[in-house]
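A.B. asks: Chains A and B, in that order, are what the protein sequence lines are.
Counted from 1, the first sequence has number 50 at position 50 by our numbering; the numbering is strictly sequential.
Counted from 1, the second sequence has number 107 at position 107 by our numbering; the numbering is strictly sequential.
Be aware that one or more of the hints could be misleading.
As the list claims (entries may be wrong) - Covered stretches of chain B (in silico footprint by chain A; criterion: 3 or more residues with CB under 8 Å from a CB of chain A, positions within the stretch not fixed):
1) 32 to 42
2) 46 to 52
3) 211 to 222
Unchecked claim - Here are the simulated DSSO-like pairs of lysine-lysine, each with C-alpha atoms no more than 27 Å apart in a straight line:
4) Lys157/B to Lys112/B
5) Lys82/A to Lys34/B
6) Lys8/B to Lys22/B
7) Lys12/A to Lys157/B
8) Lys22/B to Lys261/B
9) Lys82/A to Lys45/A
10) Lys45/A to Lys157/B
11) Lys82/A to Lys157/B
12) Lys5/B to Lys19/B
13) Lys24/B to Lys195/B
14) Lys82/A to Lys50/A
15) Lys34/B to Lys12/A
16) Lys34/B to Lys24/B
17) Lys98/B to Lys31/B
18) Lys98/B to Lys112/B
19) Lys74/A to Lys261/B
20) Lys74/A to Lys45/A
21) Lys82/A to Lys12/A
22) Lys12/A to Lys31/B
23) Lys8/B to Lys24/B
24) Lys73/B to Lys86/B
25) Lys112/B to Lys195/B
26) Lys261/B to Lys15/B
27) Lys15/B to Lys86/B
28) Lys15/B to Lys31/B
29) Lys24/B to Lys86/B
30) Lys73/B to Lys59/B
31) Lys82/A to Lys195/B
32) Lys195/B to Lys12/A
33) Lys124/B to Lys103/B
34) Lys59/B to Lys45/A
35) Lys31/B to Lys82/A
36) Lys195/B to Lys103/B
If you are wondering where the hints come from, they were derived from the structure by calculation, not from laboratory data.
These figures come from a predicted structure and were not determined experimentally.
Glycine included, every Cβ here is placed at the ideal spot set by N, Cα and C.
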Amino acid sequence: MALHFELVTPEKLVLSEEVHMVVVPGTEGEFGVLEGHAPFMSTVKDGALKVYATANAEPRTILVEGGFAEVSEKGLTVLAEKAE
Amino acid sequence: MASLKELKGRITSVKSTQKITKAKQMVAAAKLRKAQAAAEAARPYSQRLEGVVASLASKVGVGGSPLLAGTGKDQVHLIVVANGDKGLAGAFNSNIVKAAIIKANALIAEGKTVQFFLIGRKGKAVLSRTFPGLIVAQYDTTHVRTPGYDEAQAIAKQLTDLYEAGQFDVAHLFYSAFRSALAQIPTEQQIIPVKVPEGGVATSDATVDYEPDEESILADLLPRNITIQIFKALLENQASEQGASMTAMDNATRNAGDLIKNLTIQYNRSRQAAITTELVEIIAGAEAL
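Just chain A, with the same shape it has in the complex (with noise of 0.2 Å):
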């Protein structure tokens, strides 16, 4: 069970990758993604992003600013002005 996960910013495609669960600051609340959540969209406050690779694995956190998250069939992708 993956989560197909993409990070791009305006400078590059910073990750694409499959993860268990991301965790994404979003401006009315953080909300996780698994595999198959339903198609949503939001607008990503500045904060921290948590990438879990698999279920039980610690959190990497990643900081990202002024950001868009997407969520189709494809999988989770966060668009960001900055991430480091």
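Based on the hints, put chain B in the right spot on chain A.
C.D. replies: Structure of chain B alone, referenced to chain A:
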């Protein structure tokens, strides 16, 4: 006929010019690779953003944002000309300016008001001579080596501020699209109001949840879309500039080589002529005795 010393001087001077053009050519080739990679790296973001904006706009309809719908007028046109800061790039800068001038003249002939917004240092002289007093603002890129996303953001901010202040109704962006090191195409793009690609994305019929609502997401994304369009133009421009520079410098190096060859032939001929004359004089002198 030039003296031997003069010829020698000219050969040395052309040789040193050739050294400079050759160095510039190699620098441009190295920079071109980098600029090309940067332009390619920026593509995924702009593609995805465009797709999202298109699908949102088709849902919300054009009514919402003035950035999408326009001001309702079509009178004042702002022409944004993105140029480089340096020369030595063949016709790169003048091609963009030429395209902008043609567009401006066409708009003026239609009775529209035209204003200019310049990015970069080049092109200002020509435009202020051709259209005195029409340059409303300029963005200086001389302080940065390679204009990046921050610069694009600053430019987009200036543009949207001008737009919201009612300074213009339509904005066209002129830049040079990069095809290859040999071909750069001056390109025109309307950036305000945002043009939505028709039927750009085949979104599935599945209902999509929006958080917050569609209108606010779109309002948030539109300025960002303008920024990314400008960013893309800046990157394309950089790659084009280096490509044009490389080609121009390659030609210059080759021309200098031809010139050196001709001058060397001329030099050797004169030298031979001088030696022959000298011999004839000595022999003639010896015979006279």
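A.B. asks: Determine for every hint whether it applies to the structure shown.
C.D. replies: Each hint tested on the structure:
A stretch counts as covered by a chain when three or more of its residues have a beta carbon under 8 Å from one of that chain; for the region 32 to 42 of chain B and chain A the count is 3, and the coverage holds. Counting residues of the region 46 to 52 of chain B whose CB lies closer than 8 Å to any CB of chain A gives 4, so the stated coverage by that chain holds, three being the minimum. Note: the region 211 to 222 of chain B has 6 residues with beta-carbon separation from chain A under 8 Å; the three-residue rule is met and the coverage holds. At most 27 Å may separate the alpha-carbon atoms for a hinted pair to count; Lys157/B and Lys112/B meet this at roughly 24 Å.
Simply put, Lys82/A and Lys34/B have alpha-carbon atoms about 20 Å apart, close enough for the 27 Å limit, and the pair holds. Among the hinted pairs, Lys8/B with Lys22/B is consistent with the structure: their alpha-carbon atoms are about 21 Å apart, no more than 27 Å. Restraint check for Lys12/A and Lys157/B: the C-alpha separation of about 22 Å stays at or below 27 Å, so the hint holds. A threshold of 27 Å between alpha carbons decides the hint, and for Lys22/B with Lys261/B the separation of about 17 Å falls inside it, so the pair holds.
Between Lys82/A and Lys45/A, the direct Cα distance comes to roughly 12 Å. Compliance with the 27 Å bound is thereby established for this hinted pair. Straight-line distance between C-alpha atoms of Lys45/A and Lys157/B comes to about 20 Å, which keeps the hinted pair within the 27 Å bound. About 17 Å separates the Cα atoms of Lys82/A and Lys157/B, which keeps this hinted pair within 27 Å; it holds. Proposed proximity of Lys5/B and Lys19/B is supported: the alpha carbons are some 21 Å apart, at most 27 Å.
Of the pairs offered as hints, the one joining Lys24/B and Lys195/B is violated, with about 39 Å between alpha carbons and a cut-off of 27 Å exceeded. With a C-alpha separation of about 15 Å, the suggested pairing of Lys82/A with Lys50/A holds against the 27 Å cut-off. For the hint linking Lys34/B to Lys12/A, the alpha-carbon distance of about 13 Å falls within 27 Å, and the restraint holds. A distance of roughly 15 Å separates the Cα atoms of Lys34/B and Lys24/B; the hinted pair therefore holds under the 27 Å criterion.
Proposed proximity of Lys98/B and Lys31/B is supported: the alpha carbons are some 25 Å apart, at most 27 Å. Among the hinted pairs, Lys98/B with Lys112/B is consistent with the structure: their alpha-carbon atoms are about 19 Å apart, no more than 27 Å. For a cut-off of 27 Å, the pair hint linking Lys74/A to Lys261/B is broken: about 63 Å separates their Cα positions. For the hint pairing Lys74/A with Lys45/A, the CA-to-CA distance comes to about 23 Å; that is within 27 Å, so the pair holds.
With a CA separation close to 10 Å, the supplied pair Lys82/A and Lys12/A stays within the 27 Å bound. In summary, the hint linking Lys12/A to Lys31/B is supported, as the alpha carbons are separated by about 18 Å, within the 27 Å threshold. Only pairs whose Cα atoms come within 27 Å are accepted, and Lys8/B paired with Lys24/B is accepted, the gap being roughly 25 Å. Note on Lys73/B and Lys86/B: the hinted pairing is violated, with a Cα-Cα distance of about 37 Å set against a maximum of 27 Å.
Of the pairs offered as hints, the one joining Lys112/B and Lys195/B holds, with about 20 Å between alpha carbons and a cut-off of 27 Å not exceeded. The hinted pair formed by Lys261/B and Lys15/B meets the criterion: a straight-line CA distance of about 11 Å does not exceed 27 Å. The straight-line distance between the Cα atoms of Lys15/B and Lys86/B is roughly 23 Å, inside the 27 Å bound, and the hint therefore holds. For the proposed pair Lys15/B and Lys31/B, the alpha carbon gap of about 24 Å is at most 27 Å, so the pair holds.
Our distance criterion of 27 Å between C-alpha atoms is met by Lys24/B and Lys86/B, whose separation comes to about 12 Å. Taken as a hint, the Lys73/B and Lys59/B pair is honoured in the structure, with Cα atoms around 24 Å apart against an allowance of 27 Å. A threshold of 27 Å between alpha carbons decides the hint, and for Lys82/A with Lys195/B the separation of about 25 Å falls inside it, so the pair holds. For the suggested pair Lys195/B and Lys12/A, the alpha carbons sit about 24 Å apart, so the restraint of at most 27 Å is met.
Only pairs whose Cα atoms come within 27 Å are accepted, and Lys124/B paired with Lys103/B is accepted, the gap being roughly 16 Å. Taking the CA atoms of Lys59/B and Lys45/A, the gap is near 23 Å; set against the 27 Å cutoff, the hint holds. For the given pair, Lys31/B sits about 24 Å from Lys82/A by alpha-carbon distance, which is consistent with the 27 Å threshold. This hinted pair checks out: Lys195/B and Lys103/B have alpha carbons roughly 18 Å apart, not beyond 27 Å.
Checked against the numbered hints given earlier, the structure breaks hints 13, 19 and 24 and satisfies all the rest.
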